[in-house]
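Q: Residues 1 to 518, numbered by my numbering, are exactly what the sequence shown covers, in order.
Hints listed in this document are in silico derivations from the structure and should not be mistaken for laboratory results. Fair warning: there could be bad hints in the mix.
[To be verified] Result set (EDC-like, lysine to aspartate or glutamate): computed pairs, CA atoms no more than 16 Å apart in a straight line:
hint	residue 1	residue 2
1	Lys-455	Asp-396
2	Lys-408	Asp-426
3	Lys-455	Glu-420
4	Lys-315	Glu-286
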Amino acid sequence: MRVPKYAVKDRPVRLECLYDMEGEALYAVKWYKDGHEFYRFVPRDDPPTQIFPLHGLIVNAHDSTDSQVTLESIKRAAGGKYRCEVSAEAPSFQTVAHDEDMIVAVLPEEDPVISGGKPRYQLGEHVRVNCTSGRAKPAAQLTWYINSELADHTYVRQYPTIVSLTPDHLETSILGLEFRVKPKHFRHGDMKLKCLATIENVYWKSNEESVESDKPQKAPILESRKSGLSSTTRADRVHELCFTLVLTELRIPWQVVANSDALLECRFDMNNTELYAVKWYKDGHEFFRYLPRNKPTKQMFLLPDITIDLQKSDKNQVLLRNVTLASAGKYTCEVSAEAPAFLTVSGVGNMRVIGRTASFKSIKIRHCIHFSTFLLALPDEGPTITGAKPWYHAGDVVRVSCSSGRSKPATTLSWYVNDERVATSDMLQTYYTTVDERLQLERTILRLEFRVQPKHFKNGEMKLKCFAFLGHLDSLASESKEIIGQSKRDDPKTSESRLDLRPRNVFRKELDIKQGMD
1 MRVPKYAVKD RPVRLECLYD MEGEALYAVK WYKDGHEFYR FVPRDDPPTQ IFPLHGLIVN
61 AHDSTDSQVT LESIKRAAGG KYRCEVSAEA PSFQTVAHDE DMIVAVLPEE DPVISGGKPR
121 YQLGEHVRVN CTSGRAKPAA QLTWYINSEL ADHTYVRQYP TIVSLTPDHL ETSILGLEFR
181 VKPKHFRHGD MKLKCLATIE NVYWKSNEES VESDKPQKAP ILESRKSGLS STTRADRVHE
241 LCFTLVLTEL RIPWQVVANS DALLECRFDM NNTELYAVKW YKDGHEFFRY LPRNKPTKQM
301 FLLPDITIDL QKSDKNQVLL RNVTLASAGK YTCEVSAEAP AFLTVSGVGN MRVIGRTASF
361 KSIKIRHCIH FSTFLLALPD EGPTITGAKP WYHAGDVVRV SCSSGRSKPA TTLSWYVNDE
421 RVATSDMLQT YYTTVDERLQ LERTILRLEF RVQPKHFKNG EMKLKCFAFL GHLDSLASES
481 KEIIGQSKRD DPKTSESRLD LRPRNVFRKE LDIKQGMD
């Protein structure tokens, strides 16, 4: 059985299963991936081949037989454990099988890049250079050579692999080289530094930088060799490369009304780098891509409940049309730079399908990004009425207070007596208190004070009601609670809480108070 240990993404691969029936008749050859059958060859059937759909596999039926299977343009999902099972006809019904693992490798799009070098060095100077191999899976293994000889391990500086935040988690490799120049490092006035990037037996590429001793000689040469073939380009000077990619602002609507539009914004500063791509993901699945070097530059990927206005979408924004409840989720903007930087930054924000926009601003220093959120907080509970008695006589003074839940901005409170709003200022007093210094949440207290008159009782009852609302928001869920006062001989009791939808984010607290009996 021949299954390559490593295969290359988007290329075909051939799987072979060779056997000797030793005089017995063949019944069937079956191929499995991770325990799921995807190909079967039964010589007595017409046609003898049968293909079973399996995610990540495309079988070339014309190039597949009893002893081989050809897979077309394989994807990452094609990696796994493959089994070939061969069985004989009656009377033996003998079956043999063998397993092999295959890993699908994603190769870097560019050759390895050497940065930090100078065109000339003096004896005693320090050489400090880095070799970077672009995003791949698995990560490329890097090796330094000085004048075609393996560099001393004490010269080599290991750096952590950079893992992309995209769903494929591609990896960027960086390897440093640092040493003090000695006479032995120059041969005929030149010193050659070569970086070799390899991925098992499927990838081999190198970059070689030729520098001079500090005396006038020929111009330095930068050579790039690909899989044993070399091409040479000349440069007048080798510059030190320093790249910075900054994500300056990410705006994800944190609450959007269903059937409305949502604008996602992602702004960045490329500094001295060139933009490679801007990609948008929802819950880890890509739905929009902007590639400035492509024609057309914009590309959509179908996702349920995501409708993009392509004309109004570009590298800095994506406009979603008619969002639904299923459009809610985690949205990621990923910005990546072209070679040789290969930098990638991303920001994440959650969107709910009700409410308005919250802003996410970021400050990034090289590879570090930090977010701060401007908070808009709804009350964490409904209003609370205190100070009320279960009964009152005419001539008694009512002194009650209504307290809102913590919110930002402060909640507006209103008192109602028998469903009529109290508008007399001398009956009301309003207080504001900050209850959370860090988040600047506030609690509102509205005090109501008046003398009871016979007109306040209707059918022997007086109803006090407190409304709390944030009038500048759209519709949100509100809480309704009732406390019904009893006669003088009974204690107040509380009815069951229930959740309503109100047109203006209204939280209500209501008291039914019995007229006192002598």
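Q: Okay, which hints does this one fail, numbers in order?
A: 2
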